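Q: Start from chain W and add chain B according to the hints.
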Amino acid sequence: MGFRIGIDIGGTFTDFALLESSEVVLHKNLSTPEDRSIGVMRGLEQLARMQDVPLGDFLGKCDAIVHATTIADNTLIEMNGAVTGLITTEGFRDEIEYRRGFKESIWDVRLPPPQEITPRRRRLTVPERILFDGSVYTPLDENAVRECCRRLKKQGVESVAISLIFSFVNPAHETRVAEIVAQEMPGAHLSLSHRVLPRAPEYERTSTTVVDAYVAPRVTSYLERLVDRLKRAGYRNRLLVMQASGGVMTKEYIEGSPVRVLASGPAGGAVGSAHVGVAKGYPNLLCVDMGGTSYDISLVMNGAAPAETGWNMHHRYLVGVPMVKVETLGAGGGSICRVNNGALTVGPASAGAEPGPICYGRGGSEPTVTDALLMLGILSADSPFAGGSFSLKPEGVEAAFRRIGAEMGYGPEQAAFDSWRIVNANMTQAVRRTTAGKGIDPKDMVMLAFGGNGPVFAAVQAEDLGIERVLVPKASPAFSALGTLAARLSIDEERSYIAPADTLDTGRLRSLWSELDRRARGFFADAGISPEKVTAQYQMKMRYPGQNWSLTFDAAINSGLGDLAFVDEIVTGSRAAESFNQRHMEEYGHIREGETPEVTGVRLVAYVEMPAPAVRRGFSAPKVAARATRTRRANLGRGFEETAVFRSSELRPGHEIVGPAIIEETFTTIVIYPGWRAHVDDAGDYELTRTG
Amino acid sequence: MSFELNEKLAARRPPLPTAATVDPVTASIIRGALETACFESCEHLARAASSAIINQSNERNASLIDAHGRLAAVAIGTPHLTFVSQLPIRYGLMMLEEFDWGPGDVFVGNDPDHGGGHLPDYLVYAPAYDDSGELILIQVLQAHQGDTGGKDPGGFTLEATDIFTEGLAIPCLKLLHRGEKRRDVIKLLERNNRFPSFAGDLAAMISGVQRGVTMVEQAIRKWGPNVIKAAINHNIEHTERCLRAEIAEWRDGTYEADVFVDHDTQGLKDVKVHVACTVKGDQLTVDLTGSDDRPELVGVWNTFGNTRSYVMTQVTASVDPSIVKNEGLFNAVDIIVPRNTILQPPPNKPAALGSFHPAVEIIEAVCVALAAVVPARSCPQVYKIGMPNAVIGQDEKGRMWLDQGVDARSMDSSAVQGIDGWGSSCVGLGNLLLAQAEDAESRFPVINLSREMTTDAGGAGQWRGQPGSLNVKKVLQPTSAMAWMVSAEHPLRGLRGGDDAGPYSNRFEVGTEREYKVGLSVYARLPAGAVIAYQHGGGGGFGPPLLRDPEAVKNDVLDEKVSLAAARDKYGVVLTGTLENYDLEVDFAATEALRHAMRAAGTSQAA
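Going line by line, the protein sequences match chains W and B. Following the working numbering, the numbering of the first sequence begins with 14 at its first residue and continues without gaps. Following the working numbering, the numbering of the second sequence begins with 407 at its first residue and continues without gaps.
It is worth saying that the hints were derived from the structure and are not from the lab. Bear in mind that the values here come from a model prediction, so they are computed numbers and not experimental data. Where a beta carbon is used, it is the ideal one built from N, C-alpha and C, also for glycine. Accuracy of the hints is not assured; some may be wrong.
[Unchecked claim] Using 20 Å as the maximum straight-line C-alpha spacing, the simulated SDA-like pairs for lysine to any residue come out as follows:
hint	chain 1	residue 1	chain 2	residue 2
1	B	K628	W	P455
2	W	K167	B	L990
3	B	K593	B	I612
4	W	K456	W	Q442
[Unchecked claim] Computed footprint of chain B on chain W, listed as stretches where at least three residues anywhere in the stretch have a Cβ under 8 Å from a Cβ of chain B:
hint	stretch
5	38-49
6	99-106
7	124-138
8	211-219
9	346-358
10	428-437
One chain only, chain W, in its complex shape (with noise of 0.2 Å):
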């Protein structure tokens, strides 16, 4: 077998895990913001050189290259993607600008609007109407179309969005219209509604599908100069690209909806995180990745990061394609301390990586929480940062605590103390905040902390939550990439269909299965995997006349695409309602008796398992205490004490590590809380629990 490589680009570094059989070698290297594709090169380059061989041998050798990207997301971020137009329903002109009343915030009537992706002179419509059945009632008027695309060039539009009125019903006008815009304006990318996201609602599938037109140029350019850049070296398979949902597909269907491709990489350290846990043992997880900026929880239930395709914002966009659910917290290292009316509050404004904290030393005047952990000993000036990259500055650190202090009455290691206090609360209400509503309690779940400032605080959190293990893997600096390497080949799509669950139509759900069943088995085919290989995943989405939204569960799974004989099963008899009723239960507790459920559509999930990294579990060595060649002053929540201070390089499988203590790893550092110890498994990861 031959190399899987799995690469994740963040703003700041270009993270790799490379995989030979069951080893797993990481690597990070500067982003090139200006052309990604060059930095992922530079790495394969470094990796190459890690095994001894030319880059072409090296590459000729891969057997996969999986990659996510934030290409998507940086487009939004910097509003710079394509010059998009809308053409919709005449009468819908304006949704995408009400986003159904929806704003950010219900007291700042300051709040600005999003940046238009498609202003309203870019938002064209046309007569026409398909109803809710299907049926035509208003036919299409072609020559207005014709007039929408002279309007379009007009204003230099390279990509248009066409999202019409229940086409996930009947996609005539919406595929006619797409067969006159590309006559009139050869070369513009299109993205049709009823491709992107075929289900209602207008708002939903509609901003999807601008998002989608929007960022697809960019992607898509990105995607194919980085395949060019790898075949050139030698590559000779398919990249894989990585999902929201969690899955990779190959390049080839990603351009077929770019806008998948959005949040890929906490995605990647979602599914990471779900393959590590079930690994060893732990099939439900809070995951918590915290870096500069940003503190992201994800959710692993028994044994899955499971995605959602609910009112997803996403940068002040609704997109409304499967995503695994990632919640952020503006909090992360660069978080800012500051007093606002008598009151001390820490992020979300984040001093980012230029300047950054004022312990980088690079022009940053405003306090940090990563300013706050020197000051509290936790890191080190005396020790490398990031990865050996650059030391620590204390200059100024201490001043800036003292005029926080000064206004909340009290001294700098007071005021930095505070705010390790108040990040750490405001991580753990959002926690709560995302278990909120979904039954679940954290207690019973067992943290998984990763990103360079997730193991700073995982054990705090823990505590506050009730959770009494904390699992904090060795590769966590680069867990993104490391993720992508145990994602499976996916596609995850779905039809609308909205009928009460006792009058199902047979034929209707028989040919939007098959349909589904088609383009998987097109897609897996392009990526060299026979159908019979594919597990397939049937399923339904239905909810109570009156609910928004829908429950998702398994109608069947089958081994092997093209087998529809469970649908006769669910139409007869009332196994659908009986089926939902159940997931009604788990999901909220009550049924409604005596009212009839309607579907609301059905998804495929379609996957084949790809060959993932090994992940040991166990305590085989023996159990030793680590012994400490140092110690420093440092505050871990109970007043500064001389606290032990381990280098990673000291530390073996079977050592134990009672706190205080402090672990300094290559690119983070562990923190072992008073009351917690930490042990070092078969694998090198640590696993922290609770002493007492």
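A: For chain B alone, coordinates are given in the frame of chain W:
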């Protein structure tokens, strides 16, 4: 049930008794924990509720009230609902002994004459105790119910002259006693409601507050009851200090405004809200004396609790949004509500429609008055629509269906200094999700034909109000439709020289010989195929239109939010080129000359 009761309910409450002290950081951490309990409670309700207005429109709110009846923490919802949550609980607390409160109890209340808003806004609440059995906090959930068992489905009766016409008024009723459901009581409530989904909604509210109570009791155990009490005291005092500090920055003086509702539901015209906002040092007094007191008015009676809430909705909009929302706000502002007026009616007046108008006119009046001192944060948090075009019919099995008509639309999104009106409505309503055509048409026999913004239907200004939308709908079966029209003669006010928003109007049976404009109110039978068309008023402008950047006006014309004619006549901007060819350019010299001439002629307000 009297003015005296109102006075008692509204009286300032002392801090919770405790000798404990708390540092500000711990107080803020505890606040987070309490807000999270509210959030959890609300999320539970949203996911489990049956009716669209709760689970889709999010018309729901959670708050925590302390043992003295003070607002201790809030989450989600709308400001309008948030600030009405204390008074009904205070009534419950008055009856604590008599009604035998205890752990595991859950109550419901909705009575306008016992501190409530209008009848559809049910408050379900449950007490949280410490281990010694002392009452510390009460978890409250509010949600708008689809029906209240009155004369008309939905709870809104145009000609109602008393509360009993509108349905069942509940001062304080125990639903669970020591954890056991009172099935007889719940059955009674279900029997008095037309909506089949009511039972599910009520069940979701009960389990929602129970969820909140569990979390609150965990917090009480974690920090201890005294630290919790000290934290609540601290947070309320801190909020009062912050609000007073902002008010102290405002110029002393009295700022007055009159705002009118076009008419009551029977046609009595010009229903007046008068406000005088007096700033003196760090004290703000909002005095509504002088508001309408005509006893013969129908349908325009706002409840006392609601009046206080709507004043506070606009006061909080006018200050730093990061100020924590709790009882400290009410402690910093004196609200004077004259008795026997539309803002504090005598007992038994109907309340359903009054919670729309004159309620939002209170907000508007406070906004217009305070615009003199806080221009940068003046933006009215209103919904000037009388009521949406609700369409009601029966399916083939005889079951009632109701398309509430809370469709995607643009209305009342006013400009604020420096930012044009945007989106669909004011930020205060930003948690309510509007209904979608594809969902509605899959359920109801209707077709949504259009809901686009109407060119020039927003107030002109240096910063422009968002144009209102024209929502056109066709019904496919015979149905009933109900409407009450306001804001045509008195549209939403512009601020600081900005133009008022466009007027609301409503037409039924459009395109037929029978087409008519709804002038006042209507409860109509519509034949199959009838078309109804609702023109929403837009947002008001801010600042004089002649000061608007001509390039911004050009962009508005390109976006068809402003017509070429209005660019010239309202903004004094002369454009060359055509919209057709997207080659519009500002003729700066001609614009300057036109603006000069307009100022001289006084055709538009100049700065």
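Q: Against each hint, give a clear statement of whether it holds in the structure.
A: Status of the hints after comparison with the structure:
1. K628(B) - P455(W): The hint holds at about 16 Å.
2. K167(W) - L990(B): Holds, at about 12 Å.
3. K593(B) - I612(B): Roughly 14 Å between the alpha carbons, so the hint for K593(B) and I612(B) holds.
4. K456(W) - Q442(W): 14 Å, holds
5. 38-49: With 0 residues close enough to chain B, the hint is violated.
6. 99-106: Holds, because 4 residues of the stretch 99-106 of chain W bring their Cβ atoms closer than 8 Å to Cβ atoms of chain B.
7. 124-138: Since 7 is at least three, the answer is holds.
8. 211-219: Three-residue rule met by the stretch 211-219 of chain W, so holds; n is 4.
9. 346-358: Held - the stretch 346-358 of chain W has 5 residues with a Cβ nearer than 8 Å to chain B, which meets the minimum of three.
10. 428-437: holds (count 3)
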